[in-house]
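Residues per chain, in single letters:
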Amino acid sequence: MAAIEHLLAALSPFNVLLALGGVIAGTIVGSLPGLTATMAVAVLVPITFSMEPASALILMGAIYTGAIYGGAYAAILLNTPGTPSAIATTFDGYPMAKRGDGDLAMTIACLASVVGGLVGALFLMVLAPPLAGVALAFGPVEYFWLAVFGLSLIASLSEGNLLKALMGGCLGLLLSTVGVAEVSADIRLTFGSQVLIGGIETVSALIGLYCIPVLIDLVATPARHLKVTQESKGLRLREGLALSWKHKFNLMRSSIVGTFVGILPGAGGSIAGLVAYSEAMRSSRNPEKFGKGAPEGIQASESANNATVGGGFIPTLVLGIPGTPPDAVILGALLVQGVKVGPNLFTSQGSIVYTFIWGLFLATILMLPVGLLIGRYAYRTIITIPKALLVPTVAFMTLIGSYSIRNSTSDVAIMVILGCIGWVLGRFGFSASPIVLGLILGSIAEQGFVQAWTIGAATHNLGGIFFGRPISIAIILFIVLSLFGPSLVRFIRGKKERPNDG
Amino acid sequence: MTAESQARDTATPFMAAAFAGLATLVLWDTTSYTDADSFVFPRTIAIVLMALSIVLALQWLFGFGKTNGQAASGASTFRRIVLAAAMLGGALAMPYLGFLLAGLIAFAVILVTAMYDPWTPYRLVVYPVAGAVIVGGFYLLFSRALQVPLPTGLWTGF
Amino acid sequence: MLSGSKSLFKTIAAATLALGFGTIASQADDFPSKPINYIIPFGPGGESDITARHQQPFFKKMFGQDLVISYKPGGGGATAWAQLNSMPNDGYTIMGINLPHIIIKPMQKDVGFKTEDLAGFYMFHYTPDAIVVTNDSPFKSLDDLIKFAKEKPGELTFSGSGKGTANHLAQVTFDKLAGVKTTYVPFKGTGAAVQALLGNQVVASWGYTSVGAKHADKARMLAVAMEERHPAFPDVPTFKELGFDIVSGAYRGIAVPKSTPPEIQKKLSDMIGKINADPEFRKRMEADGFSLVDVGVDGMEAFLAEKAKGYAEAAKEADVIK
Numbered sequence: 001m002a003a004i005e006h007l008l009a010a011l012s013p014f015n016v017l018l019a020l021g022g023v024i025a026g027t028i029v030g031s032l033p034g035l036t037a038t039m040a041v042a043v044l045v046p047i048t049f050s051m052e053p054a055s056a057l058i059l060m061g062a063i064y065t066g067a068i069y070g071g072a073y074a075a076i077l078l079n080t081p082g083t084p085s086a087i088a089t090t091f092d093g094y095p096m097a098k099r100g101d102g103d104l105a106m107t108i109a110c111l112a113s114v115v116g117g118l119v120g121a122l123f124l125m126v127l128a129p130p131l132a133g134v135a136l137a138f139g140p141v142e143y144f145w146l147a148v149f150g151l152s153l154i155a156s157l158s159e160g161n162l163l164k165a166l167m168g169g170c171l172g173l174l175l176s177t178v179g180v181a182e183v184s185a186d187i188r189l190t191f192g193s194q195v196l197i198g199g200i201e202t203v204s205a206l207i208g209l210y211c212i213p214v215l216i217d218l219v220a221t222p223a224r225h226l227k228v229t230q231e232s233k234g235l236r237l238r239e240g241l242a243l244s245w246k247h248k249f250n251l252m253r254s255s256i257v258g259t260f261v262g263i264l265p266g267a268g269g270s271i272a273g274l275v276a277y278s279e280a281m282r283s284s285r286n287p288e289k290f291g292k293g294a295p296e297g298i299q300a301s302e303s304a305n306n307a308t309v310g311g312g313f314i315p316t317l318v319l320g321i322p323g324t325p326p327d328a329v330i331l332g333a334l335l336v337q338g339v340k341v342g343p344n345l346f347t348s349q350g351s352i353v354y355t356f357i358w359g360l361f362l363a364t365i366l367m368l369p370v371g372l373l374i375g376r377y378a379y380r381t382i383i384t385i386p387k388a389l390l391v392p393t394v395a396f397m398t399l400i401g402s403y404s405i406r407n408s409t410s411d412v413a414i415m416v417i418l419g420c421i422g423w424v425l426g427r428f429g430f431s432a433s434p435i436v437l438g439l440i441l442g443s444i445a446e447q448g449f450v451q452a453w454t455i456g457a458a459t460h461n462l463g464g465i466f467f468g469r470p471i472s473i474a475i476i477l478f479i480v481l482s483l484f485g486p487s488l489v490r491f492i493r494g495k496k497e498r499p500n501d502g
Numbered sequence: 001m002t003a004e005s006q007a008r009d010t011a012t013p014f015m016a017a018a019f020a021g022l023a024t025l026v027l028w029d030t031t032s033y034t035d036a037d038s039f040v041f042p043r044t045i046a047i048v049l050m051a052l053s054i055v056l057a058l059q060w061l062f063g064f065g066k067t068n069g070q071a072a073s074g075a076s077t078f079r080r081i082v083l084a085a086a087m088l089g090g091a092l093a094m095p096y097l098g099f100l101l102a103g104l105i106a107f108a109v110i111l112v113t114a115m116y117d118p119w120t121p122y123r124l125v126v127y128p129v130a131g132a133v134i135v136g137g138f139y140l141l142f143s144r145a146l147q148v149p150l151p152t153g154l155w156t157g158f
Numbered sequence: 001m002l003s004g005s006k007s008l009f010k011t012i013a014a015a016t017l018a019l020g021f022g023t024i025a026s027q028a029d030d031f032p033s034k035p036i037n038y039i040i041p042f043g044p045g046g047e048s049d050i051t052a053r054h055q056q057p058f059f060k061k062m063f064g065q066d067l068v069i070s071y072k073p074g075g076g077g078a079t080a081w082a083q084l085n086s087m088p089n090d091g092y093t094i095m096g097i098n099l100p101h102i103i104i105k106p107m108q109k110d111v112g113f114k115t116e117d118l119a120g121f122y123m124f125h126y127t128p129d130a131i132v133v134t135n136d137s138p139f140k141s142l143d144d145l146i147k148f149a150k151e152k153p154g155e156l157t158f159s160g161s162g163k164g165t166a167n168h169l170a171q172v173t174f175d176k177l178a179g180v181k182t183t184y185v186p187f188k189g190t191g192a193a194v195q196a197l198l199g200n201q202v203v204a205s206w207g208y209t210s211v212g213a214k215h216a217d218k219a220r221m222l223a224v225a226m227e228e229r230h231p232a233f234p235d236v237p238t239f240k241e242l243g244f245d246i247v248s249g250a251y252r253g254i255a256v257p258k259s260t261p262p263e264i265q266k267k268l269s270d271m272i273g274k275i276n277a278d279p280e281f282r283k284r285m286e287a288d289g290f291s292l293v294d295v296g297v298d299g300m301e302a303f304l305a306e307k308a309k310g311y312a313e314a315a316k317e318a319d320v321i322k
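Chains as they are written, first to last, in full-length UniProt numbering: chain A, 1 to 502; chain B, 1 to 158; chain C, 1 to 322.
Calculated from the structure, these hints are not laboratory results.
A couple of the hints might just be wrong.
[As the list claims (entries may be wrong)] What follows is a list of derived Cβ distance ranges for each label pair: (1) Asp29/C with Ala3/A: 51 to 61 Å; (2) Lys176/C with Ser487/A: 51 to 61 Å; (3) Tyr116/B with Gly485/A: 43 to 53 Å; (4) Leu242/C with Leu481/A: 44 to 54 Å; (5) Glu116/C with Leu92/B: 22 to 32 Å; (6) Asn200/C with Phe249/A: 29 to 39 Å; (7) Ala36/B with Gly485/A: 29 to 39 Å; (8) Lys340/A with Asp294/C: 44 to 54 Å; (9) Ser259/C with Arg144/B: 20 to 30 Å; (10) Lys258/C with His460/A: 49 to 59 Å; (11) Leu92/B with Lys266/C: 37 to 47 Å.
[Claimed, not checked] Computed far set for chain A versus chain C, every beta-carbon distance over 10 Å: (12) Glu5; (13) Val45; (14) Lys98; (15) Val183; (16) Glu239; (17) Met252; (18) Pro287; (19) Asp327; (20) Leu331; (21) Gly350; (22) Arg380; (23) Lys387; (24) Val450; (25) Leu462; (26) Gly468; (27) Val489.
Ideal Cβ placement from N, Cα and C applies to all residues, glycine included.
Given only the sequences and the hints, what does the whole structure look like? Please build it.
Now the structure itself:
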């Protein structure tokens, strides 16, 4: 059988070595805030020119999936998503680490990432050509509603003050418009400054808004960064496995959500994590625990973002339209190697694709031991390193990381200033997450809206465009459910149980 | 909501004014755009933000709604300011001093700022060495392995 | 642990020293004697990146040094271009430049650079504009499309990459020449514009010949904006043949900081020209739908002046500039 042949090709010692090395390097890259999967893959491109296409793909895929997973480390231990995909991981990961369950959170994140990665790869292997249609069924208006769905999470994350959360969301949305507009090319909100023409870079803004406030508060007191309950509890693998089994439906749902969002070009891991998180919260029996250290939150976010790896390869390989930014780099590398992507790739050049997919499976499985080991080491380092070294090290990492994304010193300054503003706003009850959601989803919402409006106006069918398409209606339904579902349920249940005053 | 905490809450009207000011600024800026595609979104958001700011101000005026901010207590504001200043200074100095030097200085300042334990001879030796290794290691990782063109200093030349 | 740290520190110190010695000024005759830093003013994966990646192995093979590609996206390229002249002027820093971007952007607002600030030393290819439809589209020729546009003014929707871009300006020019009114829907980049076309969100797309090459299994071109037919698409007519004087596209070239010595600029120009002349390079570029041009350092000024006039007119027409 051909499948066995491709599996064996993927298991050649060289490819196994590439997968292992790729996952290790990727995990480390991802764990450093500011080092993104895109960058790591781009650096590798020249090296891959001398390789077989399948081996090159395995190496880049392994780095990519490792980096998406590694993003969870900084999210859990430092409240800073190491890659944008890990934003939703901070919501529960950091609270868990603060209360002394950081080791458990790391293990859960690793297990969830492996599950998500495997599900994504499975879809890629079995259903890629038909699923590529999903990318095409999503028009501008669907992207618009998807962004609105992501924004509706602001309400759930509002921590008791909806008004301030909404204001923070608006601030984020406005920040997303700074600089040269991506589609209309107008220069907005720069107030004559050259520094702002490039806009607010999302990753450096994330680092600033999440990490700087943590550092500012860390330096102010002699207290330990994370609470350590007992000496060493090891990996807490048994506990992690039990929790994963208990929430297996959550893991599966989130992985599928992640795969599908991954298929949508331009959406990416951050939105996948947020949508999965939102759904996990909506269908949980105790949604009030989310945001305060619920393992389900980490599971949702981490399984979804790793599932986008496999999902993102679907439009990349079938349509030649990259699903995510790292896919764009990989696609470019393939083009230069002379590999023609398209549905034919799966038939005429099947050996490349299927060897690669097996390699992706292999890399994802290798992520389990690699991730648990590196994760344990990272956790121990963070809790044992003296504060006088921890704070400057993290501060230095934010500086070098935010610089490296676009090789821009202005981005570093913007990062620090946004961080200070974020800290002040936090003091007055405006938390960072709504701002970040606005910033990330703003351009998708705006572009989708403007494009849909242009098309609708041209065809004299504005209402039909916005509210008449089946996928749009489904997304709108989900938005309504996640906004009003919980209060509806509470209303029906009556006043049996009073909501917690957290 | 007690009368006492109401009396202390001078921040809310200030925040409402700041956000309303931001919204006004955005609205003013949108008047310079040539293309309708460019202003429809920021203008809508600015109007929403303005409305929300007014609601926040009204809430405060009539004494309902809750403040969930925390007051700074028992913590060193001075160290906070030094940290923020060191990071901003490091960022601004990069083009002149080069990345390595600016990073080392910022690292050293923050290390001293975050130091709560007494300076034993052991720490006096180990901490600076560890700091240099961390900064240098990251510098090499980024500039060599990842080929990031880190800024060289206008004044220093490296 | 301690000894390990120490030895690492030694390595760092040695590396720092080596770095200091490395900056000794190099001369034009042994240029290039170290890797050249090639900055792409956009993100990875775009056509500027891909064409640079095509050059990379040829550069290494011909001149023995690496071409190290890095990215500096932001402001549609403006962030990088505004900083080019403050970068090292020894010829080891080069940066991609794109038309019409470097002409249109400074006309809109102050973006920190002017077109004449950029010392381009070679324009090495362009991606011709083209009208693309899906394979199952009822429109078989450009005439069909024009007939539809005349019957239903405004209802013919085109996706395209951004505004003030080659795609957008071509659409405006075409509307004027054909006497029709069509609707241009800007997307973020070519990939998103193609996605909208293949998903039937729009009727047709103003894309590039590279789109026709990459998506040949799902989309076909009705006309290309070239002087002569593209070698990879002998069956697709040019706009000129069909009676519309449109020869346009996105031109890509490379620039250096303005103060780079002229002899180094000349040398770089000759090097890129040599890569362009390589038959294997030509074959690969053309298969991907690109069209090679050769504008060296000497012809650059005249070339830019001529292009600037045409772009400015179309941009005014398109309301991109006032």
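Now for the hints, and whether the structure bears them out:
{"no.": "1", "hint": "Asp29/C with Ala3/A: 51 to 61 Å", "verdict": "58 Å, holds"}
{"no.": "2", "hint": "Lys176/C with Ser487/A: 51 to 61 Å", "verdict": "56 Å, holds"}
{"no.": "3", "hint": "Tyr116/B with Gly485/A: 43 to 53 Å", "verdict": "47 Å, holds"}
{"no.": "4", "hint": "Leu242/C with Leu481/A: 44 to 54 Å", "verdict": "53 Å, holds"}
{"no.": "5", "hint": "Glu116/C with Leu92/B: 22 to 32 Å", "verdict": "30 Å, holds"}
{"no.": "6", "hint": "Asn200/C with Phe249/A: 29 to 39 Å", "verdict": "35 Å, holds"}
{"no.": "7", "hint": "Ala36/B with Gly485/A: 29 to 39 Å", "verdict": "36 Å, holds"}
{"no.": "8", "hint": "Lys340/A with Asp294/C: 44 to 54 Å", "verdict": "27 Å, violated"}
{"no.": "9", "hint": "Ser259/C with Arg144/B: 20 to 30 Å", "verdict": "28 Å, holds"}
{"no.": "10", "hint": "Lys258/C with His460/A: 49 to 59 Å", "verdict": "52 Å, holds"}
{"no.": "11", "hint": "Leu92/B with Lys266/C: 37 to 47 Å", "verdict": "38 Å, holds"}
{"no.": "12", "hint": "Glu5", "verdict": "26 Å, holds"}
{"no.": "13", "hint": "Val45", "verdict": "7 Å, violated"}
{"no.": "14", "hint": "Lys98", "verdict": "28 Å, holds"}
{"no.": "15", "hint": "Val183", "verdict": "4 Å, violated"}
{"no.": "16", "hint": "Glu239", "verdict": "31 Å, holds"}
{"no.": "17", "hint": "Met252", "verdict": "28 Å, holds"}
{"no.": "18", "hint": "Pro287", "verdict": "34 Å, holds"}
{"no.": "19", "hint": "Asp327", "verdict": "8 Å, violated"}
{"no.": "20", "hint": "Leu331", "verdict": "6 Å, violated"}
{"no.": "21", "hint": "Gly350", "verdict": "16 Å, holds"}
{"no.": "22", "hint": "Arg380", "verdict": "14 Å, holds"}
{"no.": "23", "hint": "Lys387", "verdict": "19 Å, holds"}
{"no.": "24", "hint": "Val450", "verdict": "8 Å, violated"}
{"no.": "25", "hint": "Leu462", "verdict": "13 Å, holds"}
{"no.": "26", "hint": "Gly468", "verdict": "14 Å, holds"}
{"no.": "27", "hint": "Val489", "verdict": "36 Å, holds"}
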